[in-house]
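Trainee: Position chains B, C, D, E and F against the provided structure of chain A, taking the given hints into account.
There are 6 protein chains.
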Amino acid sequence: MSSLKKFREFREHMNARILKEGHKGIQRFFALDAQAYTDGVLPAKTKELMGLAASMVLRCDDCIAYHMIQCKGEGCTKAEFFECFNVALVVGGSIVIPHLRRAVALLDELEGAPDLSKA
Amino acid sequence: MSSLKKFREFREHMNARILKEGHKGIQRFFALDAQAYTDGVLPAKTKELMGLAASMVLRCDDCIAYHMIQCKGEGCTKAEFFECFNVALVVGGSIVIPHLRRAVALLDELEGAPDLSKA
Amino acid sequence: MSSLKKFREFREHMNARILKEGHKGIQRFFALDAQAYTDGVLPAKTKELMGLAASMVLRCDDCIAYHMIQCKGEGCTKAEFFECFNVALVVGGSIVIPHLRRAVALLDELEGAPDLSKA
Amino acid sequence: MSSLKKFREFREHMNARILKEGHKGIQRFFALDAQAYTDGVLPAKTKELMGLAASMVLRCDDCIAYHMIQCKGEGCTKAEFFECFNVALVVGGSIVIPHLRRAVALLDELEGAPDLSKA
Amino acid sequence: MSSLKKFREFREHMNARILKEGHKGIQRFFALDAQAYTDGVLPAKTKELMGLAASMVLRCDDCIAYHMIQCKGEGCTKAEFFECFNVALVVGGSIVIPHLRRAVALLDELEGAPDLSKA
Amino acid sequence: MSSLKKFREFREHMNARILKEGHKGIQRFFALDAQAYTDGVLPAKTKELMGLAASMVLRCDDCIAYHMIQCKGEGCTKAEFFECFNVALVVGGSIVIPHLRRAVALLDELEGAPDLSKA
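Residue numbers (my numbering), protein chains in the order written: chain A, 1 to 119; chain B, 1001 to 1119; chain C, 2001 to 2119; chain D, 3001 to 3119; chain E, 4001 to 4119; chain F, 5001 to 5119.
Next comes chain A alone, as it looks inside the complex (with noise of 0.2 Å):
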């Protein structure tokens, strides 16, 4: 099974696990983190975009998988990502590389190349 297929199984089962806890709060974030990255004056995939940038500069693979993904899914090719991890590498310094390794192997795991993420 791929990482990505991975990723996405727990990504999901653990939100509708969170969601059916009941806590309004919670259930209220989520809400208004899906609203965040719709159509509005910015497209969504501008939005997608910057909540990539913002993740890879935070470090998160699993935000920075997540984003890829929707990214993927409003159109984006390799080289908009390319140029939006060079932004993420500018601001955030060496200390995203290994995140970067991870997004490009990712990437091409996205465009089914064969997978480089398991190692």
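None of the hints are false.
Reference excerpt, derived from the structure (chain E facing chain B, CB under 10 Å, subset only):
1. Arg4028
2. Phe4029
3. Ala4036
Treat the hints as calculated values from the structure; they're not laboratory data.
Just so it is clear, the structure is predicted and the values come from calculations on it, not from any experiment.
No residue lacks a Cβ here, since even glycine has one placed at the ideal position from N, Cα and C.
Mentor: Using the frame of chain A, we list chains B, C, D, E and F on its own:
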């Protein structure tokens, strides 16, 4: 072997390894760390909850696991854990969510539910 | 005019300014933020102490000031503040110390001592 | 003198001072930083918005101010700024709010409203 | 009064205030902090440079100022400061630049140049 | 296969993959990163120790592993590593401890002791 058991074994093994090295500064830091959570004018439970909230916003899974075990030992209920998670989520933002997923999986493991934290 | 008074005036003025803009997501976030600290299975005082510890390890002076004012309103004593500060210092390290200095200066201001926070 | 004018003067003065020192690595980093935001497969406006979102979640007031000025130059409207602020607030949490207050005060200054950012 | 003088006066005044409060954990942390930078198998100068680099990537102006004063006392030259700044800039990214500007202004103040750090 | 071998293989494989993509900004950043640690007025060993301390307080396991390998290559002894770890622990606080555990396990692996880092 559960993820909880592995975490505790590695933690205890390496803490003993580190203390055995004999570096006075590190030994004293470990002592200060342990003393910070003992009963004082604030009860240990409140201090462990502060430690848990701080660990969540700093996004350290091992620190979260450790303070959850301690909170459980101080009698924290599931509802109390979720109120603490909610404060951490609001303070720290959606970047906390991947850690929340793993924390809720650990909570279920701590409460005897099937272990979901391996994914 | 004291630093505390200036902080509160700017905070209230700008919060009103932001909410007036009418962005639904931001308005809802502000509501979630307020609700996270109300009495529940954990008392408001414990939640404010968690918010204070989280703010100190994230090193945000304005957040520290806000939660100190709230903690004071919930009846926190000086000894309780110092136990919270100690947890934050151990979790967050010496990088927290500059914020601890300003927090203690604010605590003295909150308790009616001469204002040391201007320097 | 407005806070915006002071920020820009100190920034330009010190950047010149740093580059004049002649350290090749630092000079090249400054060049890379400038190039990261130029038009490519993604337009400069999208890159500046990514830089702004990243700066907000990393909570750096000077970086926020710089990217707001650049976004303004790329034609960002008030509604676009607020959608970017909302993404940053959801990703980064309430710890972003003090920076949001100063960002909105700066936005009003940038748009010719009375300067609120001095408080 | 220079910014350097104000920083040192507030730091010394508040450190004394904090230690006088008598919290054993905080007193011991302050002692550990001081001991970490004394000569050992690594010289104090190397330790202060590590403290300075760590403070820059964590983006704490007061910590940067403190370690720069200590580095100066250990004989660091301007060229050595800039090599340390460069490592911190590469590791931490452009988000470090506002702190680099203030650090270079402080360096010029420390070396007797006109004080630029007031802006 | 040891954790150290896996880390190095994935790192080298993905760095080559990233550079091959041909993004000029990212290629130049990687070059700047390598140059920052070469001998200058400060020796490479001191720069690698600064990089290690910075990586520990930023809590990046891969960056810690990389700089430990480099420090070892520059002749760092176990006692020097522990003094560096102590500075990072004091600056960064107990949140650094999980990374310290993995760093000491890696140190033992680097020195030929049984590999403890798999847990």
